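Trainee: If you're matching positions, the sequence shown starts at 1 in full-length UniProt numbering and goes up one per residue.
Please note: incorrect hints may appear among the correct ones.
[Said to hold, decoys possible] Think about it this way: if two alpha-carbon atoms lie no more than 27 Å apart in a straight line, the pair counts; the simulated DSSO-like pairs of lysine-lysine are:
| hint | residue 1 | residue 2 |
| --- | --- | --- |
| 1 | K14 | K69 |
| 2 | K212 | K69 |
| 3 | K269 | K212 |
| 4 | K246 | K212 |
| 5 | K246 | K269 |
By construction, these hints were calculated from the structure, which means they are not laboratory data. Computed from a predicted model, the values in this text were never measured in an experiment.
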Amino acid sequence: AVGCVDMPDWETGKVTSMVDLFHDIHQFNQSISSWDVARVERFDRLFKCSGTCEFTGGDLSRWDTSSAKSMASMFEGRSRFNSDISRWDVRGVTDMSHMFENASVFTADITRWRTDSLVNSSNMFLGADTWRTLHAQCGKENDPYYDDDTCAHHPEKADEYIDHSSGPPGAWTRLVKRWRRDFFFGDDIEVDAANHEFGSRDGNVSVSYDGKRIAAAGTRWDVHGDVHVSVSYVRVFEWNEDEGWKRAGGDVEAGQDFAGELCLSGDGKRLALGDPNGRAVHVYRFNQSRDWDRLGDALNFTGFNNASLEQPSGSDFGRSVSLSRDGSVLAVGAPGGSGSVRAFRWDASRASWSQMGVDIVGPHGTDVPARLGAAVSLSLDGTRLAALAPGAGVARVFRWDRASSSWSKMGGDSTAGAFGAGRGPSSIALSGDGSHLALGAPDADDGVGVVAVYRWTRTRDSAGSTWEANGEWRMANGEW
Numbered sequence: 001a002v003g004c005v006d007m008p009d010w011e012t013g014k015v016t017s018m019v020d021l022f023h024d025i026h027q028f029n030q031s032i033s034s035w036d037v038a039r040v041e042r043f044d045r046l047f048k049c050s051g052t053c054e055f056t057g058g059d060l061s062r063w064d065t066s067s068a069k070s071m072a073s074m075f076e077g078r079s080r081f082n083s084d085i086s087r088w089d090v091r092g093v094t095d096m097s098h099m100f101e102n103a104s105v106f107t108a109d110i111t112r113w114r115t116d117s118l119v120n121s122s123n124m125f126l127g128a129d130t131w132r133t134l135h136a137q138c139g140k141e142n143d144p145y146y147d148d149d150t151c152a153h154h155p156e157k158a159d160e161y162i163d164h165s166s167g168p169p170g171a172w173t174r175l176v177k178r179w180r181r182d183f184f185f186g187d188d189i190e191v192d193a194a195n196h197e198f199g200s201r202d203g204n205v206s207v208s209y210d211g212k213r214i215a216a217a218g219t220r221w222d223v224h225g226d227v228h229v230s231v232s233y234v235r236v237f238e239w240n241e242d243e244g245w246k247r248a249g250g251d252v253e254a255g256q257d258f259a260g261e262l263c264l265s266g267d268g269k270r271l272a273l274g275d276p277n278g279r280a281v282h283v284y285r286f287n288q289s290r291d292w293d294r295l296g297d298a299l300n301f302t303g304f305n306n307a308s309l310e311q312p313s314g315s316d317f318g319r320s321v322s323l324s325r326d327g328s329v330l331a332v333g334a335p336g337g338s339g340s341v342r343a344f345r346w347d348a349s350r351a352s353w354s355q356m357g358v359d360i361v362g363p364h365g366t367d368v369p370a371r372l373g374a375a376v377s378l379s380l381d382g383t384r385l386a387a388l389a390p391g392a393g394v395a396r397v398f399r400w401d402r403a404s405s406s407w408s409k410m411g412g413d414s415t416a417g418a419f420g421a422g423r424g425p426s427s428i429a430l431s432g433d434g435s436h437l438a439l440g441a442p443d444a445d446d447g448v449g450v451v452a453v454y455r456w457t458r459t460r461d462s463a464g465s466t467w468e469a470n471g472e473w474r475m476a477n478g479e480w
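Just need the whole structure built from these sequences, with the hints factored in.
Mentor: Have a look at this one:
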């Protein structure tokens with residue numbers, strides 16, 4: 001039993017994880033209602049219990065859960081738990097699987113929770129019979145709000161509560177509807193013909209920071225005399241609360257056989273198209289006439305401007321592109337040979353792009369070409385730049401130094417594990433503030449795939465700061 005220590009006085013203000021803290025503590029009789037959990041990100045299995053489990057942990061309604069990311073199995077098996085947690089802030093929680101499983105007397109109406117980030121809610125209320133009686137519904141199969149979990153475990157509710165606006169079960173409908181809305185934002189976006197391969201290739205889709213503007217590339221066939229020519233284009237859509245996804249401006253022509261990457265700025269008002277075949281990048285802006293026009297001249301590759309760079313077999317300039325939030329900073333990858341990355345800033349006074357510093361060069365002396373710049377990612381303010389070198393199996397992050405007008409490397413190389421040749425990372429993403437780095441290695445672990453996350457952390461010794469591993473995810477049995 002937990003009752004011999006004075007838990008209400010514990011200082012928990014700096015705690016970020018409470019995973020398994022009271023797991024299988026069968027008799028819990030301490031009040032922890034005053035705990036400061038504002039920084040806690042993971043509550044997984046916090047109170048999980050199997051067997052006969054008592055819970056008198058006090059009123060948890062005042063807990064600040066705004067930092068929470070995961071609550072999987074948090075109250076699983078707590079048959080006496082019934083605290084009113086209806087006002088918890090769970091907008092950042094991605095996993096609520098098994099959260100109230102077998103919490104048989106739980107009744108709090110949490111159907112108004114905002115579940116903006118929720119991805120996994122499997123078996124969330126399995127065995128929570130009192131809650132289901134009050135709030136759950138089943139509905140008919142293929143109904144938009146069909147609750148297959150309730151139907152599977154409570155067949156007596158089949159075809160019940162079809163009128164979604166009546167009675168307490170309607171509250172559950174609102175929650176299901178909200179989850180569906182969060183997971184599927186509007187109807188599918190379709191274009192003129194299925195054979196346009198719209199958005200089907202890597203690098204052919206980009207989303208603004210707020211998720212309300214999407215750009216995607218497609219290919220159509222034009223007829224010139226007796227010749228059929230494939231022409232690539234980019235189409236942008238924006239979210240309208242009343243009408244769903246609607247086109248934003250006309251198509252942007254991307255030439256024949258578009259092979260590069262496209263990128264929307266964070267605000268969705270600028271669009272960059274990489275053209276590695278033509279060794280160029282084109283940038284467009286959304287104008288006051290609600291259409292796309294060219295922003296400056298095309299950025300063409302005319303040679304390297306860094307004497308330390310070993311000349312590669314081909315530049316592949318424009319293979320990858322990334323824009324800052326306002327679209328004023330542009331990063332371009334040229335992963336030919338050892339590879340390089342070049343950054344530009346928009347000079348409004350001159351209405352032109354100017355290079356920031358010199359080319360960032362790839363690592364030399366690797367068994368296979370390093371190909372730095374195969375993927376690039378900028379922070380929102382454009383002062384941090386991450387670049388991938390898949391040939392070397394590493395990623396590097398650089399910081400812009402305004403005083404010296406140059407890029408300096410941040411810490412050592414990061415890699416998504418030691419997976420051997422051809423199994424390293426192939427995609428990269430930098431967080432908005434540039435403090436977290438994610439690497440994707442879809443061919444790693446015998447094709448299962450791995451996502452590795454790193455955090456920029458100040459070390460305790462004289463080494464300064466470094467990229468510290470902050471988690472690795474693998475797919476197993478259909479779950480991460």
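Trainee: Taking the hints in turn, state whether each one holds.
Mentor: Hints, one by one, checked against the model:
1. With a CA separation close to 16 Å, the supplied pair K14 and K69 stays within the 27 Å bound.
2. Taking the CA atoms of K212 and K69, the gap is near 23 Å; set against the 27 Å cutoff, the hint holds.
3. Among the hinted pairs, K269 with K212 is consistent with the structure: their alpha-carbon atoms are about 11 Å apart, no more than 27 Å.
4. A hinted pair counts as satisfied when its Cα atoms are at most 27 Å apart, and K246 with K212 qualifies at roughly 10 Å.
5. For the suggested pair K246 and K269, the alpha carbons sit about 15 Å apart, so the restraint of at most 27 Å is met.
Violation of the numbered hints given earlier is absent; every hint is satisfied by the structure.
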